[in-house]
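One letter stands for each residue in the lines below.
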Amino acid sequence: MAMADQANTPLGRMLLDEITPAVAKERLKQVITFAGENDVSDLYSDPPPIESVLTTSQSECLPSWFRYFNKELVRTVSFSEHEAFDHPVASLVVVSSKDEEPINKFVDLFNTNQLPSLLNDGAMDPKILKHFLLVHDNLDGTPEKALKVLADMRSTFGLNACRLLCLNSFQDGLADHQENLWAPYKSDASPGQRLGCFLSMEDLDELTDIMQDLSSKQIIPHMEQKIRVLNQQVSATRKGFRNQIKNLWWRKGKDDTPENNNGPMYTFSSIESQIRVLGDYAFMLRDYELALSNYRLLSTDYKLDKAWKRYAGVQLLLLWRNQCSVGNRAFINTGKDLMGLCFFDDLEYWEMMGLTYFMLDQSRKDAEYSMENAFTTYLRMGSSGQRNATRCGLWWVEMLKSRDQYKEAASVYCRISGEDPLHSAVMLEQASYCYLLAKPPMLRKYGFHLILSGDLYKKCDQTKHAIRTYRGALSVFKRTTWNRIRDHLHFHIGKWYAFLGMSDVAIKYMLEVLDCSYQSKATQELFLRDFIHIVQKTGKTFEVFRLQLPIVNISSLKIVFEDHRTFASPAAECILTDLLKIQVNVRESLWRSLEEDMIPSLSTTRNNWLDSQPKLMEKKYKESNVCVAGEAIKVDIGFKNPLQVSVTISNVSLICQHSATADEMEPDANSSSSENQNDEVLRKLVSSRELNSDTSSFTLSEVDISLGGGETIVVHARVLDRQLVGKHHLEPAGAVYRVQLRRIVLHVFVFTLPLRVRLGDALEEEEPDLRPADRSPASRSEATLLPCLPQSADPQSRGRESHADADATPAAAAQLTVTPRVEGVLNIVGVMWKLSGSLVGFHSLEPNVTRKKVAKGNRKLKHSKSSNLKFLVIKSLPKLDGVLHHLPKTVYVGDIRRLSLELNNPSEIAVERLKMKISHPRFLNVGNPEDINIVFPACLEKKDSSARSNVKVGTKKILDTVFLFPEDATIHGGTPFVWPLWLRAAAPGHISLYITLYYEMGDLSAVMRYRTLRMHYILEVLPSLDVSFHISTCPSKMEEFRLRMDVANRTKSDSFKVLQLSSVRKEWGISLLQPIETNFPLESLSAGQALSCFFKLKNDRTLAPAEEKVPVLSNVQGTDVRLGSDTSEPVLDTWSSPLIDFHHYERVHQPTDQKKIVPSCCLIFMVVLNSFMHDQRYQDTVDFVLISRRQGDDSSPNSHNIFSHHACHCEITSSSPISWLVDGPRMVHHNFSGSFCEINLRMAIHNSSDSVVSIHINTLDSTPATLSPSGNEAGWHDISLLNDNIKVTSDVLGGGVQKSVSSGSLSPFIWSGSSSTRVKLDAMSTTEVPLLLCVFSPGTYDLSNYVLHWSLLSVNEHGDSGAGSRQSSGTCQGHPFYITVLQQD
Amino acid sequence: MIVCVAVVGHQNNPLYIQSFTEADDALKLHHIVHCSLDVVDERVNNPRKSGPTLNDTFLGLLYPTENYKVYGYLTNTKVKFILVTTDLDVRDADVRNFFRRFHSAYVDAVSNPFHVPGKKITSRTFAERVSTIVKSFGLSSAG
Amino acid sequence: MGKEVSESCVESLLTEIVSSYGTRFYANKPDLAARRIEAIGYQVGHQLSERYTMERPRFSDHLEAIKFICKDFWSELFKKQIDNLKTNHRGTFVLQDNRFRWLSHMSIDPSPENSGSTQDPSAVAENKAAEAASMHLYFPCGIIRGALSNLGIPCAVSADISNLPACEFLSFSALN
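From first to last, the protein sequence lines are chains H, W and D. Heads up: the first sequence begins at 1 in UniProt numbering, then just goes up one per residue. Heads up: the second sequence begins at 1 in UniProt numbering, then just goes up one per residue. Heads up: the third sequence begins at 1 in UniProt numbering, then just goes up one per residue.
Possibly wrong hints are sitting among the right ones.
Claimed, not checked - Straight-line C-alpha distance at most 20 Å; calculated EDC-like pairs for lysine to aspartate or glutamate:
#1 H/Lys29 x H/Glu512
#2 H/Lys521 x W/Asp25
#3 D/Lys3 x W/Asp108
#4 H/Lys407 x W/Asp41
#5 W/Lys78 x D/Glu55
#6 H/Lys407 x W/Glu42
#7 H/Lys537 x H/Glu512
#8 W/Lys78 x W/Glu22
#9 H/Lys439 x W/Asp41
#10 H/Lys521 x W/Glu22
#11 H/Lys439 x W/Glu42
#12 H/Lys217 x H/Glu206
#13 H/Lys521 x W/Asp24
#14 W/Lys78 x D/Glu64
#15 W/Lys28 x H/Asp455
#16 D/Lys67 x W/Asp56
#17 H/Lys407 x W/Asp94
#18 H/Lys145 x H/Glu100
#19 W/Lys78 x D/Asp61
#20 H/Lys401 x W/Glu42
Stated by the list, open to error - Some chain D residues flagged as far from chain W (calculated, every beta-carbon gap over 10 Å):
#21 Cys9
#22 Glu11
#23 Glu16
#24 Arg24
#25 Asp31
#26 Glu38
#27 Glu55
#28 Lys80
#29 Thr92
#30 Arg101
#31 Ala132
#32 Ala133
#33 Met135
Claimed, not checked - Here are the computed distance ranges between Cβ atoms for each label pair:
#34 D/Thr23 x W/Arg124: 33 to 41 Å
#35 H/Thr1371 x D/Ser20: 41 to 49 Å
#36 H/Thr33 x D/Met54: 52 to 60 Å
#37 W/Asp89 x D/Ser20: 57 to 65 Å
#38 H/Thr541 x D/Pro154: 43 to 51 Å
#39 H/Gln1191 x W/Arg124: 53 to 61 Å
#40 W/Lys119 x D/Met54: 20 to 28 Å
No lab work stands behind these hints, which were simulated from the structure alone. Heads up, the beta-carbon is just placed ideally off N, CA and C, and yes, glycines get one too.
Between the sequences and the hints, there should be enough to build the whole structure, so can you do that?
So, in structure tokens, the structure goes:
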């Protein structure tokens, strides 16, 4: 039976075939692959966290197949000819007694030609001890025959070389022994083959004692005797001084022999090999001293001979000598040999015991040294010694491990990892485990070497091993920030899993690397491409909850729905709810402020229509929003693409659930119980899976689910949305879905920036009649792109956006709409999208996703979080739809246009009781219904006063803020309802006009009584003309003022035409100073040109208008002065409807105390009667409204080319109640040789206030203080003539009398008489005060050196209203009055 | 020439890794730097084998890989600087000098109030300073 | 390193921080204000320790680090060293500065409102001084904590001003 498994035993192998390196490699490969197959089972499990790896002891963290592998590895290098351990010491020849010619059998079983080469070529001693065993089975019969055979065996082979073994394999009893009795020796015996299962107990005993006395009586004596022989020979030849010398001599002679790599060939008879054998035997028999001495001796010789292999072997033995342990090694070994087991089988525990012994040993240095030597020598031998080097390294490693020098062990492992990738892979892996076991564990090296070995494994396609090692490494990098390495690991593990066909695991790993914004663009592309490739290879679509790509930033989630608030245009929409409840939109508050005085307060409305809907649970209602069936809820979700490569996502859609009534919300099949979120998430996945399976392409089948709530995907094309929503009831469902289908085509483009434009194109070719207002989806999506940008605040992405390239969009926003069709409760659970057509990602919109953000937010948001996505669907209502026609996008300041507001109500139910409010009445005014069909510029022309009166009525109606449409105005059935509006661009800039319309439902059964339509338009107003007015008192005449107007054309290109001037006030008349031609030499004012002209502003209270010489188109309101030469232009009536209304708002808007220039560009003046006299100052303020006409082509048909601008509250004088005038001779001739000259002057003082004033004239006899210069307006400066005149006087004085000046430093003239006069002046009265001036020397003098102190004596009774603006006393500096006194000869 | 320079935070998290080669060997350099951390820990934990003097911030040559030399520097705040170079004869003086300048650059970078401690260093000026330091590496010995 | 800022600027900045946090931002919750100020100080200390420990060998143990705080760090900040350093050897250190610069220029308004207050106005002034100063002390506490924790010593620092302008900083390092 020993022969039977001969092929498996090493001896048998040696006998049968030589172990070539190729064979060894192949065998190892089989081992590794076998191991790989075995541990594929745990490939699905997650890699353990690194802590647990650290805590696990060496035994389980090391893969179990390593020791088997090492054993195999060692076994491959057994039977080398240069060491005698595996040389057969004895051979057991067994023949069954059933054999008819046992003797011959024995003979030819052992004849030389069957012996292996090592024996034949003499590397081993062929004369090995033979033992002949005859096996007899008792079942074959009585042992007599066997005994007789034994007898003549004895005769032929010798007496004690033969034995008989009687066994009985009893047929019935498969007596299985509790443990395989060969187990301690034959560790690699597979348990399946039950060795010796036929043997009874006594058979076993017989076997063992045969072995015992075979080894004890035969082999050991044989070996000892051989040792003795060899020892004598060796000592004879080599011991002693003479021999040494002779030996050297003799070697000198031998040196010239050519040396190949492994030195001269030593036959067994050569002295060296005999010494070696001697040493080995002694070693086996534990005579270590002898062995060591022999090895030392031998090593010197070998060194001399440069027989490196042997030398290394000897070094090994020297080490062994240190390591060898007591115990019946020899028996075991020889027994092993006989049993045909390899000597090296139990190397490990042999060494372990040896090393435990080694601990006590003092000479570990020698061990290190010899190991080092052996190893290096083997390595130096190159490939032939490779395997021996490996074996030696393994032993060394074991030695180091047993001394806990794991780092050194690892380095040794690294050294023995040779060129062969597979081999080095295993070695590196073992090295990595050594690093792990090192104290302290060197985790990073552990991971690194694992990765290295993994690469090598992969190189020799041991994929499973590669995955195992990588996963081990992954546990190191799991929670670190070494993203690149981790991504590399995840990526490759994923790829390899895919290679193994385990695609779901592969995708699980691949998903980790998707969000790699820090990687280079190429890497991102690679990751993405392979990922998509893997996913597509699987054929089915994977569903990933919370897919990383693209990133949904919940914070940018906006939900727009229409309850009682409906929106005409997307521009008007404002976020009615978002998850974080940050009311970022000031608009909503603005709308509310607009509507607050139109609509009944929200609570009351809720109540009354809640009562009408009793079956709804109030609580449910209160915490959920209301939306109307058939009207879309629009959800803006910002998607962020972290990569630099562009990804395409498709089929973005909402995941909604709908339950018919509120109370069966919870038990609903795919409903979400909002209390426990995990369950909710799972549920959602389930529900959305079957949902996804139906709606993966938007066919009609989608409708089946969507009888709850139909998901529709909408891109930014809002026009399409509105039409979709609008037509919803009217059209058959098919049409609606056709629209959706077209939508999907676009939807692929949402993400990539260059494709945005194509999105626009696609839109246009779908809807050729898009209005320009709606034709920029690209810009629209830019707008939505902006808010997403701040979300990428983490450093990586910040760094990325610094070098973000054009073809990648960091973020985009998709707008999704869900359109419920039946009443009930609609809950928007999440959003799902399809990444590159094959991977479906879900993201829950439940607020718990953003819980921590909300927690950062203030408290009160908490309760309403969950409600934002829950909608109470009520039955469909009429919905107004409004458009503002003829509204230009850009307009010049002051342009007056007529717009028409068109309202549409698609449904049959009428809406009534319309109210409207406009945010900027300054810009937009409600007209009268008859304004629609009048021709606009003509209607402004002068009419008789009757027409004007009822215009006033209309005006009154407009002046209150809410405009009530007439009672009979009801809109229904799609018949448009048109109402005129007046537009006047009041101020330059971008103006956003908000119009809100309130209307009530026709049928009272409607859940909502009223709704509001909100319209929002943005208007760009360009500056056209700048006009500044300056009013200055004219010193020459009382009650008359100079009005200077400076006009500058601020436009780029357009030129404005000058028409006419009208003054419309009783008290104040305006007249030209010069004839028209001098004022306006050219008809029009072209771009950049400036113009200024003077007018005379005259108070007509004292002077009858009849005296006015202004060209009068006489009417009650005032006078119109036509500027411009052509009389064809009609004179416009500034009291007619739009003008006066706009002017009213201007008056309200502009601040009352303005001294600054009022921008305006009109050449028609009107001075408006200020209706409240008392709240003005003591003198009037004048308002200007300015209308102009643009020159040249009228581009737009609906522009009437009338510009009006309003300048209000321009003060006529500085704020003093009095005005005065000094009158007297301007030139006096006098002879100063005589006396000084007296001059009489008169001062006329007028009290323009409505109360009594006491005035105190105070004359100062000093050179007057310089007049305070009137402020510069529009680049106008006063050159102070005053200084020049003083210079003149000094000149005159210099030329004239010196002494008089030198006589005294007093001024050349004094006021004589009382230096102060006091007068009392009634309201609106004039008086005269005489003044006397004494002049001493000729010259020109300025008599402005007096002041008038005035103080109100009685405040009038209704002064309280204007009390803020009036002062009770003041001081006025005197006007300059020049008088020239000449010497009279 | 200097192949790679890295700053590793006190939790062994990479704060800044910059490679100065044209080749795309970022991954390999990451591995080298990452492994060198083990040696740094070893040096620190049993300082008898540590650098020239006890507790010197300069840790000296951490380990020679097949064709790189890795030097380490550990600040008082347990921030590690790793220098990977290819030239085989590097004077310690040069490396010390390099690390000194690098340290000052690092300090200026993290003193920026907008820098979040423990986060990656994204300051561009820091990158520029580092590149200049790297360029000037070894020139002192040359000239 | 060459950049310097005048001490008065730093002090007025500190007072401004304290006043704005204490009275404007977190007027009603002083503990929150204190935490914010302490956090600012923490960052400052964190960065300063990074800077001031350049060019010096690593600290072998915590005592060295504390000594560094007392000597070099303190003199970098306040041009003087800590006057007295005590420790129970169980991780508590007491750093005593007899004339803490940032408190030395502080003065309490001498108008003690003793309306209804039983104790004498001086005591009231004392209390006011104490609580006013304590607000100013969160910043240096944060600095010390930041510096120590950046040096690898997680700790909690609290200040004690029993007698102005002397000031004691207690740092409980969390190691043992």
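Checked hints:
no. : hint                             : result
1   : H/Lys29 x H/Glu512               : violated, 33 Å
2   : H/Lys521 x W/Asp25               : holds, 15 Å
3   : D/Lys3 x W/Asp108                : holds, 12 Å
4   : H/Lys407 x W/Asp41               : holds, 14 Å
5   : W/Lys78 x D/Glu55                : holds, 14 Å
6   : H/Lys407 x W/Glu42               : holds, 11 Å
7   : H/Lys537 x H/Glu512              : holds, 19 Å
8   : W/Lys78 x W/Glu22                : violated, 31 Å
9   : H/Lys439 x W/Asp41               : holds, 12 Å
10  : H/Lys521 x W/Glu22               : holds, 16 Å
11  : H/Lys439 x W/Glu42               : holds, 10 Å
12  : H/Lys217 x H/Glu206              : holds, 15 Å
13  : H/Lys521 x W/Asp24               : holds, 12 Å
14  : W/Lys78 x D/Glu64                : holds, 15 Å
15  : W/Lys28 x H/Asp455               : holds, 13 Å
16  : D/Lys67 x W/Asp56                : holds, 18 Å
17  : H/Lys407 x W/Asp94               : violated, 30 Å
18  : H/Lys145 x H/Glu100              : holds, 10 Å
19  : W/Lys78 x D/Asp61                : holds, 13 Å
20  : H/Lys401 x W/Glu42               : holds, 19 Å
21  : Cys9                             : holds, 16 Å
22  : Glu11                            : holds, 19 Å
23  : Glu16                            : holds, 16 Å
24  : Arg24                            : holds, 21 Å
25  : Asp31                            : holds, 24 Å
26  : Glu38                            : holds, 16 Å
27  : Glu55                            : violated, 7 Å
28  : Lys80                            : holds, 22 Å
29  : Thr92                            : holds, 22 Å
30  : Arg101                           : holds, 22 Å
31  : Ala132                           : holds, 27 Å
32  : Ala133                           : holds, 26 Å
33  : Met135                           : holds, 22 Å
34  : D/Thr23 x W/Arg124: 33 to 41 Å   : holds, 39 Å
35  : H/Thr1371 x D/Ser20: 41 to 49 Å  : holds, 46 Å
36  : H/Thr33 x D/Met54: 52 to 60 Å    : holds, 56 Å
37  : W/Asp89 x D/Ser20: 57 to 65 Å    : holds, 58 Å
38  : H/Thr541 x D/Pro154: 43 to 51 Å  : holds, 50 Å
39  : H/Gln1191 x W/Arg124: 53 to 61 Å : holds, 55 Å
40  : W/Lys119 x D/Met54: 20 to 28 Å   : holds, 21 Å
Taken one by one, the earlier hints fail for this structure at numbers 1, 8, 17 and 27, listed in ascending order.
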